[in-house]
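Q: Construct the entire structure; sequences and hints are all you get.
As given, the protein sequences belong to chains A and B, one line each in that order. So the first sequence is numbered by our numbering: it starts at 1 and just counts up by one. So the second sequence is numbered by our numbering: it starts at 265 and just counts up by one.
None of these hints come from the bench; they were simulated from the model. Positions of the beta carbon are idealized from the N, C-alpha and C atoms, including for glycine. Some hints here could point you the wrong way.
[Claimed, not checked] Which residues of chain A face chain B? A few of them, derived with a C-beta cut under 7 Å, are: (1) Tyr-161; (2) Asp-211; (3) Ile-224.
Listed below are the residues making up each chain.
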Amino acid sequence: MLENLVDNIAQESAFRHINPATKLILCLGSLVICLASPSPVVPLISGVVLSIVLIVPARVSPVLYGELLLGPAIFTIISVVVLVFLVGGGDVLWQFNPVPWVNLTITVGSLHEGLLVLCRVFGCSVSLFFIALTTPMTDLFDGMKRIGIPIEIIDLMMIIYRYIFIVYNQAVEIWHAQVMRLGYSRPMEAIRSSAMLCGMLFISSWNAGEDLIHAMDCRCYNGIIPSLEQAEPMQMRSLIPVLLYLAGLSGILLVVITRVVVLS
Amino acid sequence: MNIILEARNIRYRYPQSLEAIKGISFHIRRGEKIALVGPNGAGKSTLLQMFNGMIRPDSGTMLFDKEPIRYDTSSLRQLRKRVGYVLQNPDRQIIAPTVYQDVAFGPANLGYDEQAIQQAVALALRRVGLKGFERRPPHQLSGGEKKRVALAGVLAMDPDMLVFDEPTTGLDPSGSEDVMELLDELNHEGKTVIISTHDVELAYPWADRAILLLDGRILQEGVPDVAFGNPDYVRMAHLSVPTLLEVSQELGRRGFAQPERKPRSVLDMIHIIEHLLNRSCSTSRPGTISVCDVDRGWDTPLATWVSARQNLAVGAMGTSAKQRASQEHLTLDFTYGVIDKCILRALRGQDSLILTNSSMAGRVVTRVEAYCQESGTAISVIPLNTTNQSPK
Numbered sequence: 001m002l003e004n005l006v007d008n009i010a011q012e013s014a015f016r017h018i019n020p021a022t023k024l025i026l027c028l029g030s031l032v033i034c035l036a037s038p039s040p041v042v043p044l045i046s047g048v049v050l051s052i053v054l055i056v057p058a059r060v061s062p063v064l065y066g067e068l069l070l071g072p073a074i075f076t077i078i079s080v081v082v083l084v085f086l087v088g089g090g091d092v093l094w095q096f097n098p099v100p101w102v103n104l105t106i107t108v109g110s111l112h113e114g115l116l117v118l119c120r121v122f123g124c125s126v127s128l129f130f131i132a133l134t135t136p137m138t139d140l141f142d143g144m145k146r147i148g149i150p151i152e153i154i155d156l157m158m159i160i161y162r163y164i165f166i167v168y169n170q171a172v173e174i175w176h177a178q179v180m181r182l183g184y185s186r187p188m189e190a191i192r193s194s195a196m197l198c199g200m201l202f203i204s205s206w207n208a209g210e211d212l213i214h215a216m217d218c219r220c221y222n223g224i225i226p227s228l229e230q231a232e233p234m235q236m237r238s239l240i241p242v243l244l245y246l247a248g249l250s251g252i253l254l255v256v257i258t259r260v261v262v263l264s
Numbered sequence: 265m266n267i268i269l270e271a272r273n274i275r276y277r278y279p280q281s282l283e284a285i286k287g288i289s290f291h292i293r294r295g296e297k298i299a300l301v302g303p304n305g306a307g308k309s310t311l312l313q314m315f316n317g318m319i320r321p322d323s324g325t326m327l328f329d330k331e332p333i334r335y336d337t338s339s340l341r342q343l344r345k346r347v348g349y350v351l352q353n354p355d356r357q358i359i360a361p362t363v364y365q366d367v368a369f370g371p372a373n374l375g376y377d378e379q380a381i382q383q384a385v386a387l388a389l390r391r392v393g394l395k396g397f398e399r400r401p402p403h404q405l406s407g408g409e410k411k412r413v414a415l416a417g418v419l420a421m422d423p424d425m426l427v428f429d430e431p432t433t434g435l436d437p438s439g440s441e442d443v444m445e446l447l448d449e450l451n452h453e454g455k456t457v458i459i460s461t462h463d464v465e466l467a468y469p470w471a472d473r474a475i476l477l478l479d480g481r482i483l484q485e486g487v488p489d490v491a492f493g494n495p496d497y498v499r500m501a502h503l504s505v506p507t508l509l510e511v512s513q514e515l516g517r518r519g520f521a522q523p524e525r526k527p528r529s530v531l532d533m534i535h536i537i538e539h540l541l542n543r544s545c546s547t548s549r550p551g552t553i554s555v556c557d558v559d560r561g562w563d564t565p566l567a568t569w570v571s572a573r574q575n576l577a578v579g580a581m582g583t584s585a586k587q588r589a590s591q592e593h594l595t596l597d598f599t600y601g602v603i604d605k606c607i608l609r610a611l612r613g614q615d616s617l618i619l620t621n622s623s624m625a626g627r628v629v630t631r632v633e634a635y636c637q638e639s640g641t642a643i644s645v646i647p648l649n650t651t652n653q654s655p656k
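A: Written as C-alpha cells, this is what we have:
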C-alpha cells in the first residue's frame, strides 16, 4: 500500500505543522535551481542536503525513504545507461564493436551528460519527495484555492483524493478473493482474473458514484464543499532558513555558471 | 399525541422490480426511540429513505410534522435539515477528505456563515467524542470512528429526527454499545431516533417501540415485548426471540406466575427471579451509588477519590464522561447500561461511582428511585458535586 504509505508518512511528519506555502517555496525553489544548473554539483548538493533534512529533523524513516528513492533510481539508471551510449562529444573513453553495424561508444561528453541527468533527477526527485513526505494532500487544497485554481477543479480533486483509498482498498479486497481461489495461478487465468477485477471495480465505482450523489443530497448539497483552513500561519522561524538555503544554493549555481562561461 | 412522522398507506415499487413497500401505515411520536426490525429485503432501507424524501412513494402520503412531504427542491432541503439520515456504510457517507470538511458539509450547504460552521462542527465532534480529529483523513479512521464522523456530519445540521440505517453493522460489541448509548443520549436531549437493525438483543432493551417488517408489510408493531413476544411472527421475520423474553416465557410455561411487565434488562430478570424464589438474595444493607457530574467542577482528582475506596466499580454515561475518564486514566467497569449494572452491584452490597454529564445526572436519580419504589429497597444515590455550582 504505497499510496497510503506516502500519505501516512506526511501525516506523521515532524514538519507537518509548518505552513505548506513555506514548504512549497523550498520544494519549487530547489526544483528550479536543480533544473537550471549546467553542472551536476548543484543538484547533488541540493539532493543530499534535503535528504538529510528529511531524515534527521523531519524524522522520515531512512529505510522507507531509501525504498521510495529506489523507484526513480532504477528508472533513471536504466535511462542514463542508454543515454551514455547515445550522446557523443569529446574524447572516446571506451568502445565496443561486436558486429560491424553496432558501435557502442562512451565519450567524456556522454559521461558528463549522463552524470548531469542522474544528479538532476536525484535533486528534483528529492525536492518533490520533500513536499510529498511532509505535507499531506489535504493541507494543499486550501492553498490551491488561494492561488486561484478554479473551485470546481479543487472540489473534484478533493472527492477524487477521498475515493482513491476506497477504490484502492476495494481492488485489494477483490484481488485477495481471487488469489485465494487461485485466480492468478496460470497465465490465462491471470488475464481473465485481472479483466474481471477491472470490470468489478468499474461497476462498484459506478455504484459508489451514485451513492455519493445520494449522500450529498441527504445533507442538503447546494454546490459547496467546505474547505479546511490552514491552521499554521507562515512563520519567520521556518521561512528564513528556507530563504537562506535557497540563496546559498543560488550562490553556488552562480559560481558554477560563471565557471562554465569562463571555461568556454 | 405529538406525532412527528406519519405514513398513510404508502406503496413503492422499484423500477422493473417487485413491489418493495406494499401499503404501510404507522406513526412516530416526537422523542420516541423506534427500532425497525426485519430480515434482509423486508423493505427497511427503502422505508427509511422515504423519511427524508430520498424515495417518493408511488401512492399514499408521508407526513412530517403533520404536513405532507413536498418533493420540490427547497422543501426537500428543509426536510433533510430536520431529518438527519445516517447511511449504513460510513465510507459511502463521508464525502470530504478530512473530518472537519465532512462534518462542515451540511452546515456550509445550508448557508451558515464561517463562524456558525465552526461552532456547529466543534459541537458535533464533541458530541460524538472525536474532538481533535478535525484534520484527520477518513481513511485513517477505524470503523467505529467512521460511524461517529458520519453521525457528527448529520448532527452538525441539528436535526429533530435521526434516521440511522443499521447503526451497529461492522462494529465490535463494545463499539455497538457505544453507538447505542450515544443514540440514547441524543434521544434524551429530545431527538426522535429511528434505527433499522437485525440485532434483536440490542433493539429489545433500547427501543420504546419496535416495528417488525416482512416482505414490504408491517407484521407487528408495539412495545418491544409485544413486538418480539409472538414466536410465530418472530420466526416468520427470520429473527429470534430476545433471550430475556425467552427465559421469561419459559418460566411462564412452567407455571411460574409472571409480572405484567416483561423483563427488559438483567436487573428486571433478577427482580422476577427473586420474586419467584420468594426471598431476596440481596444483602440487608445495599451499597451506594455516587454520581459525579463531569460538567461541574470538583476539586478532588477523580483517580485519588477512586483509589481511596476499595472494591468500587466505575461507570461512565455519555461521551464527555468517558473522555474525562480516559483523561484521568480511570479504568471504566461499565460503559453501557450503567445505571442498571450499578443497581445490581448495590443490591449485592457493593458501591459504585457513575460519571455523567449535567443532562443525564438527573436520570440516575429517577431510575434508581423508580427501582427502589418498585422493589421496596433503599439504595442511596450520593451526588458528589451538585452542591458545587461552579459552571463548566
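Q: Take the hints in turn and mark each one as holding or not.
A: To see whether the hints hold, each was checked on the structure:
1. The restraint placing Tyr-161(A) at the interface with chain B holds, with a minimum CB-CB distance near 5 Å, inside the 7 Å limit.
2. The closest approach between the C-beta of Asp-211(A) and any C-beta of chain B is roughly 4 Å, which is under the 7 Å cut-off, so the hint is satisfied.
3. The beta carbon of Ile-224(A) comes within 5 Å of a beta carbon in chain B, closer than 7 Å, and the hint placing it at the interface holds.
Violated hints: none; the structure is consistent with every hint.
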